[in-house]
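Chemist: Sequence:
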Amino acid sequence: MADPPAATGLWNWCLDGTLDPGRVRAAVAVAVRRPTIELAGPPVPGAVQCDVWHTEGEFPTVVDCYLAPSDVPESVAARAVAARLDSRCLLPDDSLDPSRHLLITPDGGIRPVHVDVADTDAGPRWTNVRPCTGIDVWCQGGRGGSRPAAAA
Numbered sequence: 000m001a002d003p004p005a006a007t008g009l010w011n012w013c014l015d016g017t018l019d020p021g022r023v024r025a026a027v028a029v030a031v032r033r034p035t036i037e038l039a040g041p042p043v044p045g046a047v048q049c050d051v052w053h054t055e056g057e058f059p060t061v062v063d064c065y066l067a068p069s070d071v072p073e074s075v076a077a078r079a080v081a082a083r084l085d086s087r088c089l090l091p092d093d094s095l096d097p098s099r100h101l102l103i104t105p106d107g108g109i110r111p112v113h114v115d116v117a118d119t120d121a122g123p124r125w126t127n128v129r130p131c132t133g134i135d136v137w138c139q140g141g142r143g144g145s146r147p148a149a150a151a
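Residue 143 in numbering that gives the first Met the number 0 sits at position 144 of the sequence shown, and the numbers go up by one each step.
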C-alpha cells in the first residue's frame, strides 16, 4: 500500500451547534479518508491532528485540523463534514477581507458571506452571518474606506 500524499495543510472551521468532538473528528476522518487524532493523542502515521473545542456565538464548535492532506481540497472536506453532521460550516475564504467567509450548508451549498467576529475569553465568536452582496462595508474597502474608487 502506498503512503498517503504529504500532509502539510492547516484548516480552521467553525460549525453551528455544540457538537461532540469525537463525532466531529469521525466526520473529518471520513471526509479525508484517513484517521484523525486529538492533539494530545498518540502519533498515528498519516493521521490528521484534529482539535475540536467550543466557544460562544452562532458557530460555537471550532475545528482546527493540523497536517491536513494535500490531496483533498479543503472545501470538499468541509462540505462532506457539513453534510455528515447536518450542520452549517464557516471557513475563511481566500480574500484578505477579515469579515468574509464561505458558508457551507448541509445540502452542499457554498456561498460567500460576511460575519462579525469578536474575540472573547472563550475564543472567537462568530455572529451576524449575512450574504456577501458587494455592499457590505468591507466589500467597499473596509471600515476606513481605503479601497481606491473605481475609474469612471
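The hints are simulated quantities; they were obtained by calculation from the structure and are not laboratory data.
Owing to the predicted nature of the structure, the values given are computational and were not obtained by experimental measurement.
Where a beta carbon is used, it is the ideal one built from N, C-alpha and C, also for glycine.
Some hints could be false.
[Unchecked claim] Label-pair restraints from in silico Cβ distances: (1) Arg32 <-> Asp106: 19 to 27 Å; (2) Gly45 <-> Asn127: 36 to 44 Å; (3) Pro44 <-> Pro20: 16 to 24 Å; (4) Gly133 <-> Pro44: 44 to 52 Å; (5) Arg32 <-> Thr126: 28 to 36 Å; (6) Ser74 <-> Asp115: 37 to 45 Å.
Chemist: Determine for every hint whether it applies to the structure shown.
Modeler: Against the structure, the hints come out as follows:
no. : hint                         : verdict
1   : Arg32 <-> Asp106: 19 to 27 Å : holds (22 Å)
2   : Gly45 <-> Asn127: 36 to 44 Å : holds (39 Å)
3   : Pro44 <-> Pro20: 16 to 24 Å  : holds (22 Å)
4   : Gly133 <-> Pro44: 44 to 52 Å : holds (46 Å)
5   : Arg32 <-> Thr126: 28 to 36 Å : holds (33 Å)
6   : Ser74 <-> Asp115: 37 to 45 Å : violated (22 Å)
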